[in-house]
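There are 2 protein chains.
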Amino acid sequence: MQLWNPADMPKTILIREVGMRDGLQQEKFVVPTNQKIDLINSLNLTGLQAIEVTSFVHPDFVPQLSDAEQVLRGIQRKDSVSYEALVPNEKGLARAQDTDVDEVIFVVSASDEHNLANVKQTRKQSLLALEKIAEKKKDCKVKVTVGTAFGCPFVGEVSYEWVYEIIKTSWELGVHEVFLADTTGMANPRSVYERVSQVRLDFPEISLGLHFHDTRGMGLSNVLAGLQAGVSVYDSSLGGIGGCPFAPGATGNIATEDLVHMVEEMGIHTGVNLPELLKVSKKLQDILGRELPGHILKAGPAFPGSHEKDQRELS
Amino acid sequence: MQLWNPADMPKTILIREVGMRDGLQQEKFVVPTNQKIDLINSLNLTGLQAIEVTSFVHPDFVPQLSDAEQVLRGIQRKDSVSYEALVPNEKGLARAQDTDVDEVIFVVSASDEHNLANVKQTRKQSLLALEKIAEKKKDCKVKVTVGTAFGCPFVGEVSYEWVYEIIKTSWELGVHEVFLADTTGMANPRSVYERVSQVRLDFPEISLGLHFHDTRGMGLSNVLAGLQAGVSVYDSSLGGIGGCPFAPGATGNIATEDLVHMVEEMGIHTGVNLPELLKVSKKLQDILGRELPGHILKAGPAFPGSHEKDQRELS
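Residue numbers (numbering that gives the first Met the number 0), protein chains in the order written: chain A, 0 to 314; chain B, 0 to 314.
Since the list can't tell identical chains apart, any single copy or any two copies may satisfy a pair.
With a straight-line cut-off of 30 Å between C-alpha atoms, the simulated DSBU-like cross-links for lysine-lysine are:
| hint | residue 1 | residue 2 |
| --- | --- | --- |
| 1 | 77 | 281 |
| 2 | 167 | 123 |
| 3 | 297 | 278 |
| 4 | 297 | 119 |
Please keep in mind that the hints were generated in silico from the structure rather than gathered at the bench.
Using the sequences and the accompanying hints, generate a full structural model.
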């Protein structure tokens with residue numbers, strides 16, 4: 000029998016809420032700016048410590064997020080929360096810095112084919128854009144997300160070398176926080192455990208986060224494998240919105256409430272108050288006018304009482 | 000860093016398909032007998048080795064399965080497949096034995112409250128019914144499923160003593176195969192790992208299976224924890240039908256295709272041909288006339304080619 004000691008897993012994880020960016024950019028219905036601001040202000044009350052609020056891509060490319068400046072200027076900011084935004088290039092970085100964003104995220108896919116489909120650039124071109132961002136950044140921190148890190152819908156298997164190259168370049172450019180993203184839900188717990196362990200071996204000093212989709216029902220299993228490999232930073236999206244244009248009808252990001260629920264039930268702290276979070280998730284569901292894929296909004300917590308008691312004090 | 004060695008997990012698992020019983024009994028639409036027979040005959044071609052085909056409860060109680068005899072007499076039987084049925088008492092056993100079923104399953108909930116709600120008997124009364132079944136059984140094997148083994152919607156926490164008592168009584172009655180069922184989706188990977196490890200310690204000779212629901216998105220994570228605790232027998236249902244009357248709108252059993260997909264991607268063999276299974280799942284979806292909760296039917300396999308090659312030869 001395998002000896003699995005839950006005490007070996009992280010005792011606390013940090014959750015980055017990505018629904019307002021990764022989620023809303025996929026929605027047909029364009030959420031009005033004031034409702035986005037209200038959602039983010041409500042997320043402020045949940046205990047979440049990192050919120051990806053928008054994206055500074057060209058408005059023609061993602062019209063849903065063309066109000067990036069208004070959103071970042073309209074929200075109430077809490078000291079305990081990091082407000083983050085995606086930037087695709089130095090132009091986006093300049094716009095983002097004008098709004099005093101705390102951190103910017105740059106995404107590059109490990110697979111050239113996916114990167115071309117996603118941002119119309121080769122991986123090499125994207126890494127040159129990252130170099131410019133690393134040069135021009137002022138106070139904000141830069142994070143890199145490696146897309147299709149566990150598989151690509153166009154080429155299938157993604158070589159570890161491609162992932163390695165992006166992380167190495169990032170590290171050399173002074174980027175010390177990297178996310179491995181399972182952009183189209185192709186990871187499984189074994190591939191997560193093995194790839195993550197390899198990255199941690201090759202880049203022991205890098206801060207590593209994981210970004211999973213529930214496309215094939217393995218989202219939380221992949222989190223479990225990530226926890227067992229020692230990772231304590233996870234992306235997730237309110238209600239599980241998001242999804243992938245290359246797998247129509249499929250579920251999106253892992254739902255923040257499902258993630259909080261699972262790990263808190265396992266005795267791992269998130270600092271997030273689940274009942275408060277569910278209120279915001281319900282609000283989002285009402286705004287979008289459709290049933291969201293997250294499970295806990297439908298079924299409720301397994302042991303409701305425990306989620307009232309076990310949360311950290313909300314500041 | 001935790002050392003997780005995938006080689007420590009079972010190399011092969013056995014899947015018990017429960018959709019035709021646990022799934023269909025929850026459906027409003029009563030599937031006509033000839034379509035049930037056609038579905039089971041199609042399942043015969045997938046490589047599945049155990050199918051729970053129906054239930055011998057009183058027809059007034061579960062009218063959806065009142066054709067139990069016709070179904071069992073109508074299907075083609077394959078030597079490599081175990082055809083199984085639920086029996087609630089010795090009357091059900093007699094009916095089941097008249098159809099030459101291979102195995103019968105008896106369900107008793109660890110929580111008295113749930114057992115009363117489910118079968119209108121206390122746990123003690125149910126164990127007396129089990130005693131009669133164990134006495135009267137002829138050629139067929141008897142299995143016991145411990146319901147609400149990880150939590151009860153009425154009382155919350157389920158004491159290990161309640162689970163222990165059922166397994167001990169079963170063992171003393173000559174029942175050597177027991178399933179722990181997370182009837183309403185309250186288990187988490189930690190509780191699964193800990194409870195399963197305890198059962199294996201206390202009953203080293205018992206054959207243990209697990210039955211999970213995806214009510215709170217943790218279905219496959221709980222399988223992963225089960226695999227890590229050394230369990231190699233799992234229930235699942237075609238398309239993920241089933242669900243729980245006490246969590247309306249919530250997802251049902253873990254979907255057989257999602258289970259096959261995950262473990263095969265991890266290098267664990269099921270003997271099930273995924274493309275063939277997906278055909279049957281699609282057929283069930285067409286019969287029920289609604290989108291089924293399973294993920295792979297929507298998103299397709301992550302690496303489609305690998306599921307064509309890696310299957311065992313179908314006999």
